[in-house]
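Going down the list, the sequences are from chains A, B and C. Add 4 to a position in the first sequence, counting from 1, and you land on the number used in the numbering used here. Add 25 to a position in the second sequence, counting from 1, and you land on the number used in the numbering used here. Add 7 to a position in the third sequence, counting from 1, and you land on the number used in the numbering used here.
These are computed hints drawn from the structure, not numbers from a lab. By construction, the Cβ of each residue, glycine as well, lies at the ideal position given by its N, Cα and C atoms. Take the hints with a grain of salt, since some may be wrong.
[As the list claims (entries may be wrong)] Below, a list of computed lysine-lysine pairs in the DSS-like style, where the Cα atoms sit at most 27 Å apart:
| no. | chain 1 | residue 1 | chain 2 | residue 2 |
| --- | --- | --- | --- | --- |
| 1 | B | K399 | C | K88 |
| 2 | B | K271 | B | K134 |
| 3 | B | K343 | A | K161 |
| 4 | B | K271 | A | K267 |
| 5 | C | K88 | B | K434 |
| 6 | A | K61 | B | K151 |
| 7 | C | K92 | B | K389 |
| 8 | B | K343 | C | K180 |
| 9 | A | K61 | B | K174 |
| 10 | C | K180 | A | K6 |
| 11 | B | K261 | B | K58 |
| 12 | A | K44 | B | K403 |
| 13 | B | K134 | A | K44 |
| 14 | C | K92 | B | K419 |
| 15 | B | K403 | B | K392 |
| 16 | B | K174 | A | K44 |
| 17 | B | K490 | B | K399 |
[As the list claims (entries may be wrong)] What follows is a list of derived Cβ distance ranges for each label pair:
| no. | chain 1 | residue 1 | chain 2 | residue 2 | range |
| --- | --- | --- | --- | --- | --- |
| 18 | C | K123 | B | T323 | 29 to 37 Å |
| 19 | A | L33 | B | K241 | 35 to 43 Å |
| 20 | B | D404 | A | L71 | 56 to 64 Å |
| 21 | C | K58 | A | Y207 | 51 to 59 Å |
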Amino acid sequence: MKKYLAKRVFYMALTLFLVATITFFLMKLMPGTPYSNQEKMTPEQIQIMNQQYGLDKPVWMQYLMYLGGMLHGDMGTSFQFSNQPVSYLIATRIGASAQLGIQAMIFGVFFGIILGSIAAINRNTWVDTLVTVLSIIGKSVPNFVLAVLLQYYIALKLGILPIADWGGFSYTILPTIALGVGPLAETARFIRTGMVDVLNSDYIELARAKGLSKFQIVYHHALRNSLIPLITLIGPYTVSLMTGSMVIENIFSIPGIGEQFVKSITTNDYPTIMGVTMLFSAGLVAVILLTDIIYGIIDPRIRLAGNED
Amino acid sequence: MKLAKVAAAGSVAALCALMLGACGSKASDSASKQVLNWNESAELPTMDLSKATDVVSFDTLNNTMEGLYRLGKDSKIEPGIATKTKVSSDGLTYTFTLRKDDKWSNGDKVTAKDFVYSWRRTLDPKTNSQYAYLFEGIKNATDVMNGKKSTKEVGVKADGDYKLVVTLDKQIPYFKLLMGFPVFFPQNQKTVEKYGSKYGTASKYMCYDGPFNLTKWTGTNLSWSLKKSDNYWDKKSVKLDAINFKVNKSNSTAYNLYQSGKLDATSLSAEQAKQLKGQSGYTVRQAASAFYFQYNQTKPEFQNKKIRQAISMVIDRKEFVNKVLGNGSIPAKGLVSSGLATRNGKDFADASYVKDGVTVNIAKAKKLWAEGLKEIGKDSLTFGLLSDDTDIAKKTTEFIQSAIESNLKGAKVECANVPFKTRLNRTNQGQFGIVISAWGADFADPISFLDMFTSNNSYNAGKWKNAQYDNLIEASKSTDAGNAAKRWDDLVNAEKILIQEQGISPLYQQATAWMVKPKVKGVIYNSAGANYNFKNTYVSGN
Amino acid sequence: MEENLKLDPEAKVSPEDFQALPKEEELDAEKIAAPSLTFTQDAWRRLKKNKGAVISLFVIIVMIVVAFGSTPFINHDTLVKSAPKYANLPAKIPGVDINGFNGKLKQGGVWVDQYKANNIPEGTYFVLGTDYLGHSLAQRIIYGTKVSLIVALVATFFDLTIGVSYGIVSGWKGGMVDNVMQRIIEIISSIPSLVIVVLMLLVFKPGMTSIILAIAISSWTTMARMIRAETLQLKSQEYVLAARTLGESPIKIAMKHLVPNLSSIIIIQTMYTIPSAIFFEAFLSFIGIGISAPETSLGVLLNDGQKNFQFLPYQMWYPAIVLCVLMISFNLLGDGLRDAFDPKTRR
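Go ahead and model the full structure; you've got the sequences and the hints to work with.
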């Protein structure tokens with residue numbers, strides 16, 4: 005186990021390094037400069053600025069300089085927010101996104117498992133169809149449409165929740181729902197499918213024959229076995245939700261990282277692009293490692309290293 | 026299963042309780058306190074005036090800092106820190122006498138040295154100021170900016186604490202207007218040096234000398250407040266206690282908040298503006314901006330004047346601004362926007378109006394198009410129409426594409442709506458057929474627009490060349506710079522040539538529609554430079 | 008004797024009551040009574056039994072026929088023509104007088120006839136209203152459905168080809184191969200797809216090509232990860248072990264044993280790829296690098312509609328309804344297919 009972990013952590017570092025390298029060079033291929041007043045600056049001024057920021061050096065040199073900075077924990081300063089260190093920008097913006105992402109995932113997975121189980125137990129009845137149709141609608145309505153509807157009807161018309169802004173739990177409810185309906189729908193569908201498979205299998209028949217209660221069967225056997233595909237899904241999903249959804253942050257005026265990230269790409273804010281990408285990537289590889297470990301715990305048949313030959 | 030259900034029900038109940046709690050505790054905002062809640066559409070990126078580049082920064086600086094002058098209604102110059110201004114007879118030396126009763130928020134007095142320090146700092150290439158070019162014309166400014174001379178050689182000197190002497194290389198007719206722009210405001214050296222790289226990155230790392238002090242801004246958050254300053258020299262005319270800014274990037278969110286009373290003012294999207302036109306509170310803010318076509322005149326088809334004219338003539342600018350934009354934007358009369366500059370009661374835009382160049386005339390357009398195609402020896406023409414990726418830009422290209430393809434036989438338009446940076450890059454590298462460019466004036470003088478289209482100007486991406494035009498612009502800067510009447514005529518004639526030749530085709534002058542609660546009075550909005558001045562704003566009744 | 012049985016259950020049954028069958032009538036224990044069907048025939052037979060799936064199939068076929076069949080009538084030339092004087096009119100259907108379908112729109116709580124208010128000549132009808140440039144919304148929805156269907160099909164194609172085979176190979180091979188393949192997926196999913204799209208704008212024009220390539224690069228990774236996870240589980244199942252022991256080739260095992268058993272995961276994941284692809288396209292339009300005018304897609308329409316929801320709710324509702332119907336049909340059909348193909352649900 006220890007050896008396996010050490011190996012995986014080494015691979016994680018390697019992956020992160022490759023992501024950094026590829027993203028850096030791709031990013032440098034994007035047209036334009038990072039200056040927001042580029043339109044009004046003459047080429048001479050732009051050249052002077054480039055010298056100032058070291059952007060006139062060959063790309064590989066800039067890359068080495070960036071890596072050097074990273075090793076010292078320096079992610080550079082943002083161009084959009086002048087003089088603002090990228091680490092500060094991310095630190096102040098990631099909180100809201102992460103909180104929303106986690107809340108949405110908890111909301112989605114919790115209700116998804118409940119709905120999915122109900123559908124599986126009552127399969128091929130109207131309950132099942134209702135859950136199916138609801139979860140399809142949940143997944144097929146884009147979250148920005150749902151957000152607009154929630155904001156208009158619940159917040160403005162009924163006035164029971166704040167319209168937008170960020171300042172306490174009540175402000176997070178509507179965006180959480182808007183974000184969480186997607187994972188809810190997916191969870192419900194995966195749980196339902198997985199559980200129908202499991203409920204048809206021999207060991208469930210055996211459990212039934214042994215006289216276990218319905219709850220015990222569903223909880224101990226069926227649910228556990230339907231979680232495998234779900235876990236694969238949840239990990240990366242959580243990471244991408246946590247790193248922010250531009251659309252939802254926009255509609256609910258949430259100070260998250262998602263919008264900043266999109267903006268940093270369209271404005272060539274190189275250090276911010278790198279910073280957020282690396283954060284996302286680190287989260288992703290960590291979660292994938294975690295998922296692989298959890299597989300082993302849930303299903304002992306899957307050997308951790310996966311090496312049989 | 027039952028257990029899970031109970032848990033679910035419990036959590037729903039908890040949610041409801043929280044919702045209600047949140048709802049009950051939020052008391053409605055005070056009725057007639059002198060407080061404004063204002064919507065911003067973007068974050069405040071910096072408060073370092075040497076580095077500011079965007080509208081939000083400039084607006085905030087304009088209300089928290091004080092320069093030599095403050096621009097009042099219609100860009101009228103009102104006293105700021107300068108109490109007396111003496112201009113030498115050759116127009117090259119300005120001597121400002123400063124007031125002695127203005128203080129920084131850290132208690133220091135505002136002196137001439139603060140101006141000298143600020144200007145030198147902005148011009149220092151190490152500062153990376155993107156707006157330093159506005160100093161062009163002040164002695165040695167360009168050389169300092171380009172790193173050829175030391176900052177000490179800039180033509181600005183403090184003569185004692187309360188006298189500022191500025192020397193110019195050449196006359197700048199709009200020099201006083203420039204002094205109302207935040208880039209020319211003073212900075213407190215002690216503060217800049219104390220905070221170093223943190224200076225201007227949060228409200229606490231700053232020092233103010235204007236009507237308001239900035240608070241609650243962490244540098245990256247979506248809300249901040251302006252609080253009335255106690256150190257301001259004219260604090261008795263400042264009526265507002267506070268202005269709370271909130272960033273809502275979605276127009277529909279902002280309007281929802283406006284409706285529920287959480288905001289006193291918000292800008293509207295084009296569609297919202299169309300629906301809300303005529304309602305109480307509907308306000309149009311004109312911007313001194315021009316949206317126009319640049320034709321890529323390195324391509325033979327666009328070297329043909331008739332083709333350029335035909336394309337310009339199929340566009341019904343009136344229908345476009347009224348039906349498509351609907352936000353109070355007005356059809357362009359020319360490149361220089363209406364209401365920017367007047368002389369003897371005549372608006373520059375009217376004086377230089379070339380009706381044929383900006384008016385729809387389908388029949389004539391068809392004729393010109395046919396002739397133009399013949400001249401270049403083609404019977405059809407496909408070209409790209411490059412523009413930004415904003416909502417309005419997309420509507421614009423869609424409308425223009427429709428107008429051209431439905432009226433000009435054999436014309437095919439390929440729209441490319443790309444992010445701003447990509448658009449600029451393609452424009453600069455000449456990778457376009459027609460590009461829709463936009464320009465906003467930094468100060469209220471026609472030269473801010475007309476300077477762009479001289480033959481070798483880097484903004485002239487279409488590479489339109491006209492010797493007569495170049496001569497007129499040059500004359501306005503040199504021989505006629507001291508003669509207001511002649512300079513005016515030079516510029517009027519230059520613009521006439523530009524439009525007659527269709528070197529560019531002006532489309533519209535942008536405006537933004539706002540909903541502002543009628544109780545809000547005395548907001549000063551200028552179409553050029555820093556837009557908002559809240560110094561004399563107040564809330565009346567309810 | 009019958010009476011006997013009824014009245015007296017305890018009645019004795021004697022050996023004489025039974026008769027031996029003649030030899031030739033003996034049942035063939037080995038014979039299969041049902042007609043022999045191939046795998047697909049069998050699946051099709053079971054699919055037909057599922058009413059929801061059949062209706063969905065019908066709806067999808069109708070949508071495809073209408074969307075693609077409309078090409079001669081709704082194309083660049085029709086879409087490019089705008090009529091700003093007809094802008095933002097609500098639905099008006101001849102002979103229908105229900106608020107919302109008779110040209111009236113609720114404004115400030117009152118239903119106002121927009122056609123009259125804008126001096127539109129009598130006899131002008133737009134079945135689903137118009138957009139901000141006076142285009143018929145019905146036309147745009149049909150065209151948008153076509154574009155969205157293309158995007159969906161492309162994404163599904165890459166999911167099914169690259170995603171499934173990548174996942175199976177990775178899970179089946181295990182060891183170093185798996186390790187490398189998984190790291191590649193991590194890298195691909197870490198690089199912001201937006202950077203890739205912006206780069207593609209340099210090479211291609213904004214439009215279908217860029218979108219399709221962006222989808223090709225990144226859409227299949229989730230599918231590959233799901234498939235790998237399942238494959239890891241399946242390969243230790245008894246029947247796979249048996250097939251291996253019997254010396255079956257890996258490709259045959261994959262096709263005969265793995266794919267059918269993975270089918271439920273594949274189908275569900277595909278059902279989620281479709282909306283994700285459509286939304287990805289909508290997101291690109293949201294930030295301005297999606298389909299370029301005058302073309303449109305359901306995502307673009309929804310995004311435009313969303314912004315005006317307060318005043319012109321129909322501009323969001325109609326495309327949303329079309330998208331929902333399309334999605335529900337795809338999903339119900341997907342469920343039907345899953346039940347039909349998955350050997351585990353064959354009972």
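Here's how the hints hold up against the structure:
At roughly 26 Å between alpha-carbon atoms, B:K399 and C:K88 fall within 27 Å of each other, so this suggested pair holds. Taken as a hint, the B:K271 and B:K134 pair is broken in the structure, with Cα atoms around 32 Å apart against an allowance of 27 Å. For a cut-off of 27 Å, the pair hint linking B:K343 to A:K161 is broken: about 37 Å separates their Cα positions. For the hint linking B:K271 to A:K267, the alpha-carbon distance of about 19 Å falls within 27 Å, and the restraint holds.
Between C:K88 and B:K434 the CA atoms are separated by roughly 14 Å; this keeps the pair inside 27 Å, and the hint holds. Under the criterion of a C-alpha separation no larger than 27 Å, the hint pairing A:K61 with B:K151 is consistent with the structure, at around 17 Å. About 23 Å separates the Cα atoms of C:K92 and B:K389, which keeps this hinted pair within 27 Å; it holds. Proposed proximity of B:K343 and C:K180 is contradicted: the alpha carbons are some 67 Å apart, above 27 Å.
Taking the CA atoms of A:K61 and B:K174, the gap is near 24 Å; set against the 27 Å cutoff, the hint holds. For a cut-off of 27 Å, the pair hint linking C:K180 to A:K6 stands: about 23 Å separates their Cα positions. Taking the CA atoms of B:K261 and B:K58, the gap is about 17 Å. The hint holds against a cut of 27 Å. Proximity of A:K44 to B:K403 is assessed by CA-CA distance (about 37 Å); at most 27 Å being required, the pair is judged violated.
Under the criterion of a C-alpha separation no larger than 27 Å, the hint pairing B:K134 with A:K44 is inconsistent with the structure, at around 34 Å. Restraint check: the Cα-Cα separation between C:K92 and B:K419 comes to about 18 Å, which is no more than 27 Å; the hinted pair holds. Of the pairs offered as hints, the one joining B:K403 and B:K392 holds, with about 15 Å between alpha carbons and a cut-off of 27 Å not exceeded. At roughly 23 Å between alpha-carbon atoms, B:K174 and A:K44 fall within 27 Å of each other, so this suggested pair holds.
At most 27 Å may separate the alpha-carbon atoms for a hinted pair to count; B:K490 and B:K399 meet this at roughly 23 Å. Between C:K123 and B:T323 the Cβ separation comes to about 52 Å, which falls outside the hinted range of 29 to 37 Å. At roughly 40 Å, the beta-carbon separation of A:L33 and B:K241 lies within the given 35 to 43 Å, and the hint holds. Taken as a hint, the range 56 to 64 Å holds for the pair B:D404 and A:L71, whose Cβ atoms sit roughly 57 Å apart.
Checked against the given bound of 51 to 59 Å, the beta carbons of C:K58 and A:Y207, roughly 32 Å apart, lie outside it.
Hint violations for this structure: numbers 2, 3, 8, 12, 13, 18, 21, all remaining hints satisfied.
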